[in-house]
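Line by line, the protein sequences are chains A and B.
Just so we're aligned, residue 1 is where the first sequence starts under my numbering, counting upward by one.
Just so we're aligned, residue 1 is where the second sequence starts under my numbering, counting upward by one.
Just so you know, these hints were derived from the structure itself, not from any lab.
Hints may be right or wrong, so weigh each one.
[What the hints assert, rightly or not] Under the rule of at most 20 Å between Cα atoms (straight-line distance), these lysine to any residue pairs were calculated in the SDA-like manner:
(1) A:K248 - A:N236
(2) A:K249 - A:N310
(3) A:K69 - B:R172
(4) B:K165 - A:K69
(5) B:K134 - A:I28
(6) B:K165 - A:G396
(7) A:K392 - B:Y160
(8) B:K189 - B:V24
(9) A:K23 - B:Y41
(10) A:K392 - B:K189
(11) A:K181 - A:S222
(12) A:K115 - A:F383
(13) A:K63 - B:K134
(14) A:K69 - A:D121
(15) B:K39 - A:E62
(16) A:K392 - A:I28
(17) A:K63 - B:R172
(18) B:K39 - A:A319
(19) B:K114 - B:T191
(20) B:K134 - B:S34
(21) A:K38 - A:A319
Note that the structure is a prediction, hence the values are computed from the model and not measured.
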Amino acid sequence: MTKKIYTILILMALIASIVSCRKTEAEILTPSNQMDYKWPSEQFLSIWNSMNTSYAMWDLEEKDWTSVKDEFLPEFLALDDSVKADHPISTKHLEELYTDILGNLTDHHSYFSVKNLWASDEDRSSFSISPGNIEIRKRDYYHDTHINSKYVNLCLKYEEYANKYNIHSWEDLTMVAWLKKLEAEGKASDIKYGSVSYLMTIVSGLIEGSIPYIHISDFSLSELKSYIEDGNKSSNVIATYEAYESFKKNVLELEEVKGVIIDVRENGGGYLNDNFYLLGMLTDQPVQMGWSRHKCGLGRFDYSPWIPHNFSPGPEHRAIDGPVVIIADLNSVSMAEISTLIVKAMPNGCFIGERTFGAHGVINGDFEATFSGTFGNNGGNHFAYLSTRIVKDLNGNILEGIGVTPDIEMSYAQGTFKDGEDSWLSRAVEYINTGK
Amino acid sequence: MMKKFSICLLALSLCFVARAQWSVGIMAGYDYNSYSMAKGYAYDYRYGGMGGLEVTVPVQYNFMDWLGVRADISYVQKGHTMHRTGVYEGLWTDTRDHYLHIPLMVSFSLGGEKVRGWVDAGGYVGGWLASWQKGIDEYPIGSEPEQEGSFKYYQDERGYHFDEKVEFLDRRDQRFDAGLTGLAGVGWKVTHLLELRLEGVCWYSLIDTASRMQDNVAPRYNTTWALRLGCAFHFGGGK
Numbered sequence: 001m002t003k004k005i006y007t008i009l010i011l012m013a014l015i016a017s018i019v020s021c022r023k024t025e026a027e028i029l030t031p032s033n034q035m036d037y038k039w040p041s042e043q044f045l046s047i048w049n050s051m052n053t054s055y056a057m058w059d060l061e062e063k064d065w066t067s068v069k070d071e072f073l074p075e076f077l078a079l080d081d082s083v084k085a086d087h088p089i090s091t092k093h094l095e096e097l098y099t100d101i102l103g104n105l106t107d108h109h110s111y112f113s114v115k116n117l118w119a120s121d122e123d124r125s126s127f128s129i130s131p132g133n134i135e136i137r138k139r140d141y142y143h144d145t146h147i148n149s150k151y152v153n154l155c156l157k158y159e160e161y162a163n164k165y166n167i168h169s170w171e172d173l174t175m176v177a178w179l180k181k182l183e184a185e186g187k188a189s190d191i192k193y194g195s196v197s198y199l200m201t202i203v204s205g206l207i208e209g210s211i212p213y214i215h216i217s218d219f220s221l222s223e224l225k226s227y228i229e230d231g232n233k234s235s236n237v238i239a240t241y242e243a244y245e246s247f248k249k250n251v252l253e254l255e256e257v258k259g260v261i262i263d264v265r266e267n268g269g270g271y272l273n274d275n276f277y278l279l280g281m282l283t284d285q286p287v288q289m290g291w292s293r294h295k296c297g298l299g300r301f302d303y304s305p306w307i308p309h310n311f312s313p314g315p316e317h318r319a320i321d322g323p324v325v326i327i328a329d330l331n332s333v334s335m336a337e338i339s340t341l342i343v344k345a346m347p348n349g350c351f352i353g354e355r356t357f358g359a360h361g362v363i364n365g366d367f368e369a370t371f372s373g374t375f376g377n378n379g380g381n382h383f384a385y386l387s388t389r390i391v392k393d394l395n396g397n398i399l400e401g402i403g404v405t406p407d408i409e410m411s412y413a414q415g416t417f418k419d420g421e422d423s424w425l426s427r428a429v430e431y432i433n434t435g436k
Numbered sequence: 001m002m003k004k005f006s007i008c009l010l011a012l013s014l015c016f017v018a019r020a021q022w023s024v025g026i027m028a029g030y031d032y033n034s035y036s037m038a039k040g041y042a043y044d045y046r047y048g049g050m051g052g053l054e055v056t057v058p059v060q061y062n063f064m065d066w067l068g069v070r071a072d073i074s075y076v077q078k079g080h081t082m083h084r085t086g087v088y089e090g091l092w093t094d095t096r097d098h099y100l101h102i103p104l105m106v107s108f109s110l111g112g113e114k115v116r117g118w119v120d121a122g123g124y125v126g127g128w129l130a131s132w133q134k135g136i137d138e139y140p141i142g143s144e145p146e147q148e149g150s151f152k153y154y155q156d157e158r159g160y161h162f163d164e165k166v167e168f169l170d171r172r173d174q175r176f177d178a179g180l181t182g183l184a185g186v187g188w189k190v191t192h193l194l195e196l197r198l199e200g201v202c203w204y205s206l207i208d209t210a211s212r213m214q215d216n217v218a219p220r221y222n223t224t225w226a227l228r229l230g231c232a233f234h235f236g237g238g239k
């Protein structure tokens with residue numbers, strides 16, 4: 001009997017020793033608590049750790065983030081030694097290291113700014129990295145911006161901007177010149193335009209009496225509306241809002257709407273809620289443009305389910321039977337690209353233009369909503385602007401880093417954009433009139 | 001020398017066989033999985049355990065009336081709950097995980113011919129077979145015209161209700177499981193062949209359910225307690 005008890009006791013001691021084999025919990029600091037450091041290796045580890053828990057697209061990355069640490073930490077430790085020996089660190093070298101680490105990320109919204117705290121007095125003190133901008137330059141159809149409508153106000157005020165963007169009057173915007181030419185031919189009316197610096201530019205018109213047209217440089221309609229509701233009397237705000245109101249009036253009140261053209265070329269994105277005031281105006285049914293997913297926990301691959309990404313009709317809407325055409329290009333980003341996905345999901349939608357930038361991830365300004373996304377201080381020691389949700393289209397394709405492919409492809413290289421011609425806009429009108 | 005040793009070993013084995021008996025049973029019961037996971041700075045996440053079902057087929061071989069070896073095949077439901085508090089209260093996820101365990105235990109028993117008790121201890125290997133999630137999540141911003149300050153409204157139909165199979169991600173999920181197991185049980189022999197059994201079991205996993213690819217995050221472990229009832233059929237020689 002005693003033997004039996006001894007056997008059991010020995011077994012229990014053995015079990016107790018094995019039980020302690022579980023890994024202990026490491027301390028996980030919030031990114032905002034990792035902003036102060038003394039050495040380059042600490043800066044690297046702070047960014048590495050914050051990315052590890054905050055980046056929402058690790059499953060899309062071929063690069064294993066753990067091996068990144070293994071590969072680069074020794075290089076940063078060598079920089080520590082350099083600093084300890086009172087040698088400054090070249091900002092170019094630091095930029096090259098961080099570009100190797102962060103420059104190939106899929107999240108095309110991502111943007112990093114890093115301060116070189118160990119630079120010499122003559123050197124740059126910081127640098128920035130935009131993986132999306134690095135990637136699009138490798139595309140065979142890459143081109144710089146052509147329209148630059150968002151800068152029109154600055155161009156009309158300052159010669160420096162006017163010369164830089166070659167905009168000296170509103171007629172230098174391709175869509176304004178095109179509308180004016182049609183107007184002279186009796187084919188366009190209701191031409192309105194306005195611009196609020198650092199907010200948005202809107203150009204609208206009515207083509208052939210039944211095709212409302214709008215160009216919108218940024219999705220800041222929600223903010224523009226709040227300016228008006230707050231009683232802002234600025235002539236630029238009023239003119240911009242009137243351009244939008246004119247488009248809305250034509251969509252909602254015209255007896256016949258043959259089709260609608262939404263022009264988001266070079267639109268840098270903005271508020272998702274703008275959907276209710278633009279595309280939400282063109283349908284009386286919710287539109288599912290795809291699915292989205294967010295981080296759900298601090299693990300690198302902890303994700304929520306794929307959630308239907310629906311867009312509801314706006315407070316004022318009309319079911320448009322004719323084609324809804326959206327025009328976008330390489331420099332159409334974020335909400336502009338999501339708008340192309342919404343239009344493509346509409347039964348009467350058509351996307352004309354170029355494959356877009358590839359930044360469809362949704363950004364939630366509240367870090368604590370998913371404990372992921374943007375971290376750091378812009379202008380501080382380091383800053384990372386990141387998506388909080390990843391989006392896939394109705395066919396299940398994740399287009400982040402790739403962009404939305406148009407139904408009808410156009411190119412700037414082969415297009416005509418002078419003397420009141422805009423072959424992209426003419427193609428949209430042709431599609432509405434012919435259905436092909 | 002070798003020959004003598006072999007003969008001795010054979011004689012000893014025959015001696016054991018003469019006293020040995022096999023038993024095979026079927027048992028089922030309720031289990032409760034306790035989920036250990038540090039939430040780090042995600043302060044409003046609340047993780048909790050989850051109850052489930054457990055079914056076991058125990059197979060035992062007794063060398064002596066007090067000592068045996070036991071190997072089971074067990075289907076074990078594990079899982080955990082997660083809900084948010086504060087601003088995001090109303091968002092929750094219940095995760096149901098299905099496991100298969102194969103434990104190997106040493107069994108010590110004591111008692112009389114009719115009623116016996118036993119304590120078993122050993123280890124197990126297993127596999128994470130499937131996972132299922134249900135809960136409420138938030139639609140992306142822009143889906144609803146009216147965004148409210150509090151997320152408590154997710155409790156009604158405006159939140160996204162999901163109930164779906166979870167696809168495993170090799171980079172996220174460690175599907176191999178292994179750990180320690182121990183149990184205490186009591187049995188009542190209704191006939192020479194049939195025994196009714198009641199057991200309390202603990203499965204203590206030593207494998208982090210997060211893959212090593214999730215480097216540098218809080219490890220997550222399952223500890224499952226079960227109370228099972230069933231019967232066993234005895235056959236073979238001896239007691």
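Verification of the supplied hints:
1. A:K248 - A:N236: holds, 18 Å
2. A:K249 - A:N310: violated, 25 Å
3. A:K69 - B:R172: Holds. A:K69 to B:R172 sits at ~19 Å (cutoff 20 Å).
4. B:K165 - A:K69: violated, 34 Å
5. B:K134 - A:I28: Status violated; Cα separation ~27 Å.
6. B:K165 - A:G396: holds, 17 Å
7. A:K392 - B:Y160: holds, 17 Å
8. B:K189 - B:V24: holds, 14 Å
9. A:K23 - B:Y41: holds, 19 Å
10. A:K392 - B:K189: violated, 61 Å
11. A:K181 - A:S222: violated, 31 Å
12. A:K115 - A:F383: holds, 9 Å
13. A:K63 - B:K134: violated, 31 Å
14. A:K69 - A:D121: violated, 29 Å
15. B:K39 - A:E62: violated, 27 Å
16. A:K392 - A:I28: violated, 30 Å
17. A:K63 - B:R172: holds, 15 Å
18. B:K39 - A:A319: Since the Cα atoms of B:K39 and A:A319 sit roughly 47 Å apart, the hinted pair is violated (cutoff 20 Å).
19. B:K114 - B:T191: holds, 9 Å
20. B:K134 - B:S34: holds, 18 Å
21. A:K38 - A:A319: violated, 60 Å
Of the numbered hints listed earlier, those contradicted by the structure are 2, 4, 5, 10, 11, 13, 14, 15, 16, 18 and 21.
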